[in-house]
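*Asks:* Whenever a hint applies, use it, and build me the whole structure from the sequences.
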Amino acid sequence: MSRQLQDTGPAIPIGMGRSYGDACLNPGGTLLDTRRLDRFHSFDPEMGRLVCEAGVQLREIQRAMIPRGWSLPVIPGTQIVSVGGAIANDVHGKNHHRVGSFGHHVRNLRLLRTDGQIVECSPGVRPDLFAATVGGIGLTGLIAVAELQLQPVTGPWLDTEILPYRTLDEFLTLADDSEPLWEHTVSWLDCTSGRRTRGIFLRANPAVEQSGKPPVPRRRAVPFTPPLSLFNQLSLPVFNTLYYHLNSYRGGTRRRPFETFLFPLDDVQDWNRLYGPRGFYQYQLVVPRDAGPAALREILDIIAKSGQGSFLAVIKTFGERASPGLLSFPMPGITLSLDFPNRGARTERLFVELDAVVRAAGGRLYLAKDARMPRDLFEASYPKASELERFRDPGMSSGMSRRLMGR
Amino acid sequence: MDKKKRIVVIGATSAIAEHCCRLWVRQGPVELILVARNVALAERIAADLQARGGDVGVSVETMDFLSTKAIADAVARWTAQAPVDVALIAHGVLSQQQPCQDNISRARESLEVNGVSPVLFAEAFAGAMERAGKGTLALIGSVAGDRGRRANYVYGASKALMDRYAQGMQHRFAGTGVKIVLIKPGPTDTPMTAPYKAQGRKLASVESVAEGTVNAIERGTPVAYLPRKWQLIMFVVRNLPNFIFNRLNI
Ligand SMILES: Cc1cc2nc3c(=O)[nH]c(=O)nc-3n(C[C@H](O)[C@H](O)[C@H](O)COP(=O)(O)OP(=O)(O)OC[C@H]3O[C@@H](n4cnc5c(N)ncnc54)[C@H](O)[C@@H]3O)c2cc1C
Ligand SMILES: NC(=O)c1ccc[n+]([C@@H]2O[C@H](COP(=O)([O-])OP(=O)(O)OC[C@H]3O[C@@H](n4cnc5c(N)ncnc54)[C@H](OP(=O)(O)O)[C@@H]3O)[C@@H](O)[C@H]2O)c1
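These protein sequence lines are chains A and B, in that order. At position 394 of the first sequence (counting the first as 1) the number is 551 in this note's numbering, and the numbers step up by one without a gap. At position 179 of the second sequence (counting the first as 1) the number is 184 in this note's numbering, and the numbers step up by one without a gap.
Some clues are possibly wrong.
[Said to hold, decoys possible] Covered by chain B, according to a simulated footprint, are these stretches of chain A (three or more residues, beta-carbon under 8 Å):
no., stretch
1, 188 to 198
2, 220 to 233
[Stated by the list, open to error] Below, in silico cross-link-like pairs of lysine to aspartate or glutamate (EDC-like), each with a Cα-Cα straight-line distance of 20 Å or less:
no., chain 1, residue 1, chain 2, residue 2
3, B, K202, A, D195
4, B, K207, A, D190
5, B, K8, B, E36
6, B, K10, B, D90
7, B, K234, B, D168
8, B, K202, A, D190
[As the list claims (entries may be wrong)] Quick list of simulated restraints, FRET-style, between CB atoms:
no., chain 1, residue 1, chain 2, residue 2, range
9, A, D333, B, P232, 43 to 53 Å
10, B, P232, A, D272, 34 to 44 Å
11, B, A203, A, T324, 48 to 58 Å
12, A, V509, B, L245, 51 to 61 Å
13, A, T324, B, P200, 58 to 68 Å
14, A, R559, B, E212, 30 to 40 Å
15, A, S199, B, S213, 23 to 33 Å
16, A, T324, B, I238, 53 to 63 Å
17, A, D533, B, E223, 58 to 68 Å
18, A, D458, B, Y201, 47 to 57 Å
19, A, G185, B, K202, 14 to 24 Å
20, A, S199, B, I255, 44 to 54 Å
21, B, Y201, A, P531, 38 to 48 Å
The set of hints was computed from the structure by calculation and includes no laboratory data. Given the structure is predicted, the values throughout are model-derived calculations rather than measurements. Beta carbons: idealized from backbone N, C-alpha and C, even for Gly.
*Replies:* Okay, here's the thing in structure tokens:
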């Protein structure tokens, strides 16, 4: 494998291709498909330590390990991502305030470099290479094998609670009150309702009583791409109002299988087709806690005025734990994830306005979702990026690295 | 406690077979005997299955897949220990047509690996299952066995041999506890079809074909086209009159 790597020229690994931007794109170069690196190597059921190849999907780990009483501590909003992709973007879940990001639970990595070298690194051994690789968007070499620390779980059921709120301050109070007591918190925000902020706050804890088998999730699919985006100025407020009232009405506590709570889109195949042939852009930002509320108000204002509402606006507070990677996204503060149907120049103008607010607040954008951030914003908001240079694999380069780092 | 299911997999390094094993391991206590030519790869697969499953026993064996003595002895040994619940016979090689035409010893190799060897394993298992009065014997054939085509009739004919053999065994075991299952995958994304994938051909996912295989084995389905649409497609292909079929470049 490492020999094969030597002949490929500028290359970049690709996992499940779930990143929205160009982190795993390489126009004119080679993509190193890791999907066949999909074997487990060993599992220690006493300590909960799993050694597996980087192409293994998180869902495969959960399906094998939950019945054995163990779970990945961190899973993003979809389980259909690879271990390598989860490390290379240092992904976060709805429990960031409790457990930090994916990289916090990686005990060891085996990297294949394009010069044929095989290098091991961990928080204890070559810690600087480790910090460059966690969140390193594939630029330090191909992660072949990872050792992960799992956490004990009692079963697949969560006790969940849904609470509607009507102002940003209400959201922040809910978040602060929930963090010490609830393992998962996340919130859905309606950006189409103009100045009135409203949303749904979701929180969940592992159920104490874990009886009953979870129902097998129903698979639904979007069979074709409609000629136009189904999300437009007319339909969005309707969707959002419906969603809001449906959930306020359903509010209260319920026991649900973790999969339907944490990964609502995983059972709807090809959901992205709903956005029509031109697709959509994701925009995920984080702003530090102090400047956060004011910056968010400004951002919501800008979006409301632009008339380009976002169907899925997800807002969550990050915990205090320092991120493990040089390019890790999470910082103590508030993260907001938006998606916008692609309307060309209009959408880009909106992003430029949003960029300015994020920059002024000392925040940053998430590389996993980015395809357009200007290089100066990257350099200002990821100050440790220059330290990464030393650890880069000279044979690795992606659309994103050329756009943001010049090579 | 339920006793462990006993499953023997012949050609266990096959991607389809490996994914079947992953599903069996997820389903519950199981003892797997992996039989393969490439022991190093089979050992890695065994380690994977062991790590995935809780109550899982996995062992690896290698042998000459064309030796009648080796086949008879091995099957006798496995079935003597305890009855085998499932035997999955998966090995095969997608032989290229032109070399087989140019050199009949290549044609012979293909016929032997894809046709003769699998049915000899099947015959050996059938005897043991008949004596035990139960067991499911599954063979992986192919849609290519449904009608000979100029593009790959050597491979196709060996799969057709398997087809007729399975049909005969189904007749033999009708009304007994022994089930014969013939799996007929369409083009599937495995190492075997890597060249087609590079050409941009649409391939079924190996996960979905493995899931269909495990379900067919569970139910004792006599013939399972996977994905299902191939049943209809091959019905049409089998029934095309020659004057049309002969003009098609398939
Ligand atoms: C519906 C949805 C919800 C999401 N929710 C969240 C969320 O809640 N939180 C969050 O943090 N993210 C979220 N994401 C983003 C997603 O978790 C990340 O983009 C993740 O990195 C995707 O993993 P992948 O396997 O698809 O990697 P890819 O997208 O294929 O690659 C991502 C990066 O990892 C690198 N890479 C992949 N494999 C390797 C390897 N073996 N060695 C070295 N580098 C490698 C690639 O080069 C690339 O830079 C979401 C995405 C979707 C589609
Ligand atoms: N993939 C498809 O599109 C497709 C379609 C229809 C039918 N099938 C059938 O499905 C079955 C499984 O194939 P697959 O797709 O999983 O392909 P695969 O991953 O390439 O597996 C082929 C298997 O056959 C084994 N094999 C080949 N020649 C052998 C020999 N002489 N002796 C012993 N073992 C030998 C290989 O062993 P090594 O590891 O030692 O090479 C490997 O285990 C095959 O019978 C194939 O014909 C596949």
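*Asks:* If a hint holds in the structure, say so; if it does not, say that too.
*Replies:* Right, here's what the structure says about each hint:
Check result for the stretch 188 to 198 of chain A against chain B: holds, 3 residues qualifying (beta carbon to beta carbon below 8 Å, three or more required). Closer than 8 Å: that is the beta-carbon criterion, and the stretch 220 to 233 of chain A has 4 residues meeting it against chain B, so the requirement of 3 holds. Among the hinted pairs, K202(B) with D195(A) is consistent with the structure: their alpha-carbon atoms are about 19 Å apart, no more than 20 Å. Among the hinted pairs, K207(B) with D190(A) is consistent with the structure: their alpha-carbon atoms are about 17 Å apart, no more than 20 Å.
Only pairs whose Cα atoms come within 20 Å are accepted, and K8(B) paired with E36(B) is accepted, the gap being roughly 10 Å. For the hint pairing K10(B) with D90(B), the CA-to-CA distance comes to about 6 Å; that is within 20 Å, so the pair holds. Under the criterion of a C-alpha separation no larger than 20 Å, the hint pairing K234(B) with D168(B) is consistent with the structure, at around 19 Å. Of the supplied pair hints, the one linking K202(B) and D190(A) holds, its CA atoms being roughly 13 Å apart against a limit of 20 Å.
For D333(A) and P232(B), the Cβ-Cβ distance of about 50 Å falls inside the hinted range of 43 to 53 Å, so the restraint holds. Taking 34 to 44 Å as the suggested C-beta distance range, the pair P232(B) and D272(A) conforms, at roughly 43 Å. The beta-carbon spacing between A203(B) and T324(A), approximately 56 Å, falls within the hinted interval of 48 to 58 Å. For the pair V509(A) and L245(B), the beta carbons lie near 60 Å from each other, so the given range of 51 to 61 Å is met.
Look at T324(A) against P200(B): about 60 Å separates their beta carbons, and that is inside 58 to 68 Å. As the Cβ distance of R559(A) to E212(B) is approximately 34 Å, the hint placing it in 30 to 40 Å holds. Between S199(A) and S213(B) the CB atoms are about 28 Å apart, so this pair conforms to the stated range of 23 to 33 Å. The beta-carbon spacing between T324(A) and I238(B), approximately 58 Å, falls within the hinted interval of 53 to 63 Å.
Between D533(A) and E223(B) the C-beta distance comes to about 59 Å, which sits within the given range of 58 to 68 Å. D458(A) and Y201(B) have their C-beta atoms about 53 Å apart, which keeps the hinted 47 to 57 Å range intact. Between G185(A) and K202(B) the CB atoms are about 21 Å apart, so this pair conforms to the stated range of 14 to 24 Å. Separated by about 46 Å at the C-beta atoms, S199(A) and I255(B) satisfy the suggested range of 44 to 54 Å.
The hinted window of 38 to 48 Å between Y201(B) and P531(A) holds, with their beta carbons roughly 42 Å apart.
The structure shown violates none of the earlier numbered hints.
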